[in-house]
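Colleague: Whenever a hint applies, use it, and build me the whole structure from the sequences.
Take a look at the letters that make up each chain.
Number of protein chains: 2
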Amino acid sequence: MFKFKNIEGGVTAPLGFKASGVACGIKHKGGKDLALIYSEGPALTAGMFTTNKFKGAAVIVDLKYLKNGDNFRAVIVNSGNANASTGEQGIKDAEEMATLTAENLGVKKEEVLVSSTGIIGKKMPMDKVKKGIIEAVEKLNYNGGVLAASAIMTTDTKPKELSIDTGIKGRGNKTIKIGGIAKGVGMICPNVATMLVFLTTDASISKDALKESLHIAVNKSFNRLTVDGCMSPDDTVLIMANGLARNERIKPKSENFPAFTQALTFLCEELAKKMASDGEGATKLIEVKVKGAWNDKDAHRAAKAVANSALVKTAMYGADPNWGRIISAVGSVKVKFNPDKISLKLQGTSLIEKGKFVDYNEKELSVSLKKENAIIIEVDLHHGDKETTVWTCDLTEEYVKINAHYTT
Amino acid sequence: MFKFKNIEGGVTAPLGFKASGVACGIKHKGGKDLALIYSEGPALTAGMFTTNKFKGAAVIVDLKYLKNGDNFRAVIVNSGNANASTGEQGIKDAEEMATLTAENLGVKKEEVLVSSTGIIGKKMPMDKVKKGIIEAVEKLNYNGGVLAASAIMTTDTKPKELSIDTGIKGRGNKTIKIGGIAKGVGMICPNVATMLVFLTTDASISKDALKESLHIAVNKSFNRLTVDGCMSPDDTVLIMANGLARNERIKPKSENFPAFTQALTFLCEELAKKMASDGEGATKLIEVKVKGAWNDKDAHRAAKAVANSALVKTAMYGADPNWGRIISAVGSVKVKFNPDKISLKLQGTSLIEKGKFVDYNEKELSVSLKKENAIIIEVDLHHGDKETTVWTCDLTEEYVKINAHYTT
Chain A
29 MFKFKNIEGG
39 VTAPLGFKAS
49 GVACGIKHKG
59 GKDLALIYSE
69 GPALTAGMFT
79 TNKFKGAAVI
89 VDLKYLKNGD
99 NFRAVIVNSG
109 NANASTGEQG
119 IKDAEEMATL
129 TAENLGVKKE
139 EVLVSSTGII
149 GKKMPMDKVK
159 KGIIEAVEKL
169 NYNGGVLAAS
179 AIMTTDTKPK
189 ELSIDTGIKG
199 RGNKTIKIGG
209 IAKGVGMICP
219 NVATMLVFLT
229 TDASISKDAL
239 KESLHIAVNK
249 SFNRLTVDGC
259 MSPDDTVLIM
269 ANGLARNERI
279 KPKSENFPAF
289 TQALTFLCEE
299 LAKKMASDGE
309 GATKLIEVKV
319 KGAWNDKDAH
329 RAAKAVANSA
339 LVKTAMYGAD
349 PNWGRIISAV
359 GSVKVKFNPD
369 KISLKLQGTS
379 LIEKGKFVDY
389 NEKELSVSLK
399 KENAIIIEVD
409 LHHGDKETTV
419 WTCDLTEEYV
429 KINAHYTT
Chain B
29 MFKFKNIEGG
39 VTAPLGFKAS
49 GVACGIKHKG
59 GKDLALIYSE
69 GPALTAGMFT
79 TNKFKGAAVI
89 VDLKYLKNGD
99 NFRAVIVNSG
109 NANASTGEQG
119 IKDAEEMATL
129 TAENLGVKKE
139 EVLVSSTGII
149 GKKMPMDKVK
159 KGIIEAVEKL
169 NYNGGVLAAS
179 AIMTTDTKPK
189 ELSIDTGIKG
199 RGNKTIKIGG
209 IAKGVGMICP
219 NVATMLVFLT
229 TDASISKDAL
239 KESLHIAVNK
249 SFNRLTVDGC
259 MSPDDTVLIM
269 ANGLARNERI
279 KPKSENFPAF
289 TQALTFLCEE
299 LAKKMASDGE
309 GATKLIEVKV
319 KGAWNDKDAH
329 RAAKAVANSA
339 LVKTAMYGAD
349 PNWGRIISAV
359 GSVKVKFNPD
369 KISLKLQGTS
379 LIEKGKFVDY
389 NEKELSVSLK
399 KENAIIIEVD
409 LHHGDKETTV
419 WTCDLTEEYV
429 KINAHYTT
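As given, the protein sequences belong to chains A and B, one line each in that order.
Going by this note's numbering, the first sequence opens with residue 29, and the numbers climb by one from there.
Going by this note's numbering, the second sequence opens with residue 29, and the numbers climb by one from there.
If you are wondering where the hints come from, they were derived from the structure by calculation, not from laboratory data.
Be aware that one or more of the hints could be misleading.
[To be verified] Within a straight-line C-alpha distance of at most 25 Å, the following computed BS3-like cross-link-like pairs (lysine-lysine) qualify:
{"id": "1", "chain 1": "A", "residue 1": "Lys150", "chain 2": "B", "residue 2": "Lys151"}
{"id": "2", "chain 1": "B", "residue 1": "Lys382", "chain 2": "A", "residue 2": "Lys120"}
{"id": "3", "chain 1": "A", "residue 1": "Lys362", "chain 2": "B", "residue 2": "Lys325"}
{"id": "4", "chain 1": "A", "residue 1": "Lys81", "chain 2": "B", "residue 2": "Lys384"}
{"id": "5", "chain 1": "A", "residue 1": "Lys92", "chain 2": "B", "residue 2": "Lys302"}
{"id": "6", "chain 1": "A", "residue 1": "Lys384", "chain 2": "B", "residue 2": "Lys151"}
{"id": "7", "chain 1": "A", "residue 1": "Lys81", "chain 2": "B", "residue 2": "Lys319"}
{"id": "8", "chain 1": "B", "residue 1": "Lys302", "chain 2": "B", "residue 2": "Lys33"}
{"id": "9", "chain 1": "A", "residue 1": "Lys92", "chain 2": "B", "residue 2": "Lys364"}
[Unchecked claim] Taking CB as the label site, the calculated pair distances span:
{"id": "10", "chain 1": "A", "residue 1": "Pro367", "chain 2": "B", "residue 2": "Arg274", "range": "38 to 46 Å"}
{"id": "11", "chain 1": "A", "residue 1": "Pro153", "chain 2": "B", "residue 2": "Glu392", "range": "18 to 26 Å"}
{"id": "12", "chain 1": "B", "residue 1": "Thr311", "chain 2": "A", "residue 2": "Gly58", "range": "27 to 35 Å"}
{"id": "13", "chain 1": "A", "residue 1": "Ala402", "chain 2": "B", "residue 2": "Lys151", "range": "30 to 38 Å"}
{"id": "14", "chain 1": "B", "residue 1": "Lys369", "chain 2": "A", "residue 2": "Glu163", "range": "36 to 44 Å"}
[As the list claims (entries may be wrong)] Far from chain B, by Cβ distances over 10 Å, these chain A residues were calculated:
{"id": "15", "residue": "Lys57"}
{"id": "16", "residue": "Lys384"}
{"id": "17", "residue": "Glu425"}
These numbers were taken from a predicted model, which means no experiment stands behind them.
Beta carbons are placed, not taken as given, at the ideal position from N, Cα and C, and that holds for glycine.
Modeller: Encoded structure:
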């Protein structure tokens, strides 16, 4: 694995990106709710979106714009209102958000993408949004990454951003940088679910290479993330590459493609872990590792069954080494293995070895579960050589509180 | 639909059944933890069990005994310890439970079935169980149904039993009766999950007919029940038919087969609803009805997606008509329908009509959700003529509390 250098700046770390985050009153409770990310030059852009049959208006608009064009200059994002299940009017509002942003930036309306997150089924307060866009454009700056990260939050307790220097050489003493901001944190499940992620890079890269690289990175990161098994209509991952590092253009077969993809994957994994740690009401990150699976699908299915088990998640919250719930979850899904051959480790402590129950110190393990912020569950199916990791968080009273009273 | 008369007695309502429930110290917190159901004559017995790859010792033993014989005299059931993931010793203990019960009853050991529910992975305290069995046999009586119902409870807050007079004529002035007891209430998901159900009837019925009738009833009731999407290694539904009503033997094609099956289905549905209402921490029963589906699988998949959605369940707990979460859940699974044509009703109030959003009084609906103990969600996919109903409950802080500290 390459080592990547963490740097400051989030989405504004790569060359030529500015950002801003403002409060325009979409959120009833106040706080920043409109983010703008802007590239000084045209940026090749690729996206991945929710697979939910109900798609938010912004997703529908972005899919159309991305079909018609490859290069974009900006993305405008609001939190507090998902602009989903809002019918024709919702589509018009999403397009108007792009148009207004483009006008204020002095670019073409087809060069601006749009994204929304928040409550489903409420009309966008366009008057507020209009004023907000003007302010967001005025406040664009090279250190705006962290403000944009704050402005896309909904029930997130902290902004999530990361930027790295990939070490891949550009022209002169430049190196390719990648930055990203993300928001979770409920309704999260594999296949990209209420989750917005915006990635920027100054890499020069071909369309094929950018798409492929994003696919690999998302499948190894956000698609392995689950908070509550629910999938939102608004999930979006966008990457903008403006080429300002002036490296030799990366193509799918070029030497630097694997390095760029590894760097992007690393960044996305770290953002995914940040999202799991900040899952609604979460007190702990849970990392579920499954190995020895017959194929990738089995590995993923078994890991997801454990990660989505309300009983496993509550047990981890209670620092309770209730391993019966873990193997019950594995046994409940269609996965090839012999239940008498399974191995299980919890926080490094071996509980089952090839079907044999190991004598372990329950109190000690419970104390260690209580102490740590990250819990690692390792299942070895001993039935093949495929493996995966899925990230989730514990299930707490706070999750229930947050979600029992979200709209009212 | 036939009308069935509710009668007293639970599993001891049908002729020739006795039952008891005693406290023998398996549960650390005390309380009844051993139930015995006994038939005065040989009872034709059929069972359905968990599909989890990890099966509890009692399930493994019952599967063996039911393979070798059709007629049974008793079933001994303990709560407080699941006798699951207990290896060879667990199997021995389960067999010994059957043997000891048989000895005390004066019947053959292969005529007694056994069932366990509770904590996974702990050795059965056989000394306590032995004493308990002696007491349970001594205390058998014709009014013991309710005591047996209490003794199989784990986190259930109330015993669940029901008995009905089917109205189907037996010899003389006898009519066929069916009784049942059940326990939930966590780790419940379709395909029979931590859930024990014991059914008795004095019907005379052939093996084929009993099996088929049970299959139909379970698929329309317990397999449509979900509390937390988790599946236990111990789930069991058993039915014992001792023939003492002396009716003309019911066969798969005989006139009374549909009536018997309807009666059994009705009883099982009512028990399933009792289980959902008493889901861990639940304050409300939620009934999810899906119609207009392309096929049965789609209907079930859509209904289950809604019923298992943590976001829907928390919203219902908060009496929050957050219908966006309902349609998001439907949209997240592989089901054929056009999202622009869907209809949705919540507690009888129309929210979406063929894709058009209906103006409704949010406050009024919220008040009605708060007031009622049962919430009905109706989704019409307008894509076919198949329909189903799935039962679940709301998700509350109490669910988390119960499950965060179950073993320790």
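Colleague: For A:Lys81 and B:Lys384, compute the direct alpha-carbon distance and say whether it is at most 25 Å.
Modeller: Holds - the C-alpha atoms of B:Lys384 and A:Lys81 are around 16 Å apart, at most 25 Å.
Colleague: Could you grab the alpha-carbon distance between A:Lys81 and B:Lys319 and see if it respects the 25 Å cut-off?
Modeller: Distance of about 18 Å is within 25 Å: holds.
Colleague: CB of A:Pro367 to CB of B:Arg274, is that within 38 to 46 Å?
Modeller: holds (45 Å)
Colleague: With 27 to 35 Å as the target window, see if B:Thr311 and A:Gly58 comply at their CB atoms.
Modeller: Once the Cβ atoms are compared, 32 Å apart, the range 27 to 35 Å for A:Gly58 and B:Thr311 holds.
Colleague: Run the C-beta distances from A:Glu425 to all of chain B and say if the shortest one exceeds 10 Å.
Modeller: About 4 Å separates A:Glu425 from the closest Cβ of chain B, which leaves it inside 10 Å; violated.
Colleague: Need the status of pair B:Lys382, A:Lys120: alpha-carbon distance at most 25 Å?
Modeller: holds (21 Å)
Colleague: A cut-off of 10 Å on Cβ-Cβ distance, and A:Lys57 was said to be off the interface with chain B. Does that hold?
Modeller: holds (16 Å)
Colleague: Given the hint that A:Lys362 pairs with B:Lys325, does the C-alpha gap stay at or below 25 Å?
Modeller: holds (17 Å)
Colleague: Could you check that no beta carbon of chain B comes within 10 Å of the beta carbon of A:Lys384?
Modeller: violated (8 Å)
Colleague: At the C-beta level, are B:Lys369 and A:Glu163 separated by a distance inside 36 to 44 Å?
Modeller: About 40 Å separates the Cβ atoms of B:Lys369 and A:Glu163, which means 36 to 44 Å holds.
Colleague: Honestly, do A:Pro153 and B:Glu392 meet the 18 to 26 Å range at C-beta?
Modeller: Given a distance of about 24 Å, which is inside 18 to 26 Å, the answer is holds.
Colleague: 30 to 38 Å was suggested as the range; check whether the CB atoms of A:Ala402 and B:Lys151 agree with it.
Modeller: At 32 Å between Cβs, range holds.
The structure fails hints 1, 5, 16, 17 (numbered hints given earlier, in ascending order).
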